[in-house]
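Undergrad: So the chains spell out like this:
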Amino acid sequence: MAASVGFEAETEFCIAVNSDNDLVAARRKGRVLAEQIGFSGSEATLVATAISELARNIVSYAGRGEILLSTVGNGSSIGITVIARDQGPGIADTRRVLEHGYSTSGGLGLGLPGVRRIMDEFDIISAPGLGTTITVTKWKRR
Amino acid sequence: MAVPILKQSHYLIATIQSALTDADLVQLRDALADKVGKFRSRGVIVDVTALDVLDSFASRTLRDISYMIKLRGAETVIVGIQPEVAFAMVQLGIAFEDVATALDLEEGLLYLDKKQKLGQHGSQRGF
Chain A
0 MAASVGFEAE TEFCIAVNSD NDLVAARRKG RVLAEQIGFS GSEATLVATA
50 ISELARNIVS YAGRGEILLS TVGNGSSIGI TVIARDQGPG IADTRRVLEH
100 GYSTSGGLGL GLPGVRRIMD EFDIISAPGL GTTITVTKWK RR
Chain B
0 MAVPILKQSH YLIATIQSAL TDADLVQLRD ALADKVGKFR SRGVIVDVTA
50 LDVLDSFASR TLRDISYMIK LRGAETVIVG IQPEVAFAMV QLGIAFEDVA
100 TALDLEEGLL YLDKKQKLGQ HGSQRGF
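First to last, the protein sequences are chains A and B.
One point on numbering: in numbering that gives the first Met the number 0, the residue at position 107 of the first sequence is 106, and numbering is uninterrupted.
One point on numbering: in numbering that gives the first Met the number 0, the residue at position 76 of the second sequence is 75, and numbering is uninterrupted.
Think of the hints as simulated: they come from the structure by calculation, not from any bench.
Positions of the beta carbon are idealized from the N, C-alpha and C atoms, including for glycine.
Don't take every hint at face value.
Derived list of chain B stretches under chain A, where covered just means 3 residues or more per stretch with a C-beta under 8 Å from a C-beta of chain A [claimed, not checked]:
# : segment
1 : 20-31
2 : 88-100
Chain B side only, calculated, beta carbon under 10 Å to chain A, not exhaustive [said to hold, decoys possible]:
# : residue
3 : 55
4 : 56
5 : 81
Please construct the entire structure, taking both the sequences and the accompanying hints into account.
TA: Right, here's the structure in full:
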């Protein structure tokens, strides 16, 4: 368990995302948390980049939402879970948004497929009118 | 926070000092496109050494800067992309084709000087 390898109870951050100004704080918190649990500089950068993409999606599509950061342990490994959730319009076809290059906002369409590539686990729950919750986890390399 | 843009002979040097919001990046893009005309600059250097994240929006904006400056008749070189940032960009799938990059400010200046010389030779041959 995470506690037995010398870590305190799970550290959690909840960052309100209301405008692109909040992205900077969100990714900084992610980097700090990643470095606290011993992620390498490269891994911490990947986590910060994923947070940036997820938070921007919230601002672009839902206007507001939140990012939750927590450390997770599965017995032998430790990682960071990022939850991005909003009460926005939701996504009808969640498979579509994971296609490289698909975008309705004029972006590059790299956001979600990119996040899925740079994180180890990726889960999206969304439906029209019900908002969107994306949960991603990055495990520390050993 | 606005990015200071320094005019050095016929180049403009924008040194990003800290993490930027999307609005700051867009402001930098517009300021450079404007100043390159005002100062009749031939080259632009954007120093991103201080950036610890270059996500899809920031990358796209840097690419836009490079294309816009080209349309304005000058060259752009992005300098100082950190190794971890480069790794994350590649993992994210960001294409930076047609965007000139250099290791640091010094190399960026050398790149622009070289481009200038090539341009001069080219026009001489034209006459």
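Undergrad: Should the hint that residue 56 of chain B touches chain A count as held when the rule is a Cβ pair under 10 Å?
TA: 6 Å, holds
Undergrad: Closer than 8 Å, Cβ to Cβ, for at least three residues: run that test on the segment 88-100 of chain B against chain A and report holds or violated.
TA: holds (count 4)
Undergrad: Using 10 Å as the Cβ threshold, decide whether residue 55 of chain B counts as touching chain A.
TA: 4 Å, holds
Undergrad: Identify whether the interface hint at residue 81 of chain B stands, where standing means a beta carbon of chain A within less than 10 Å of its own.
TA: 8 Å, holds
Undergrad: Go check the segment 20-31 of chain B versus chain A for me, would you? Three or more residues, Cβ under 8 Å, otherwise it fails.
TA: Contact hint for the segment 20-31 of chain B vs chain A: holds, 3 residues under 8 Å.
Violated hints for the displayed structure: none, as all numbered hints are satisfied.
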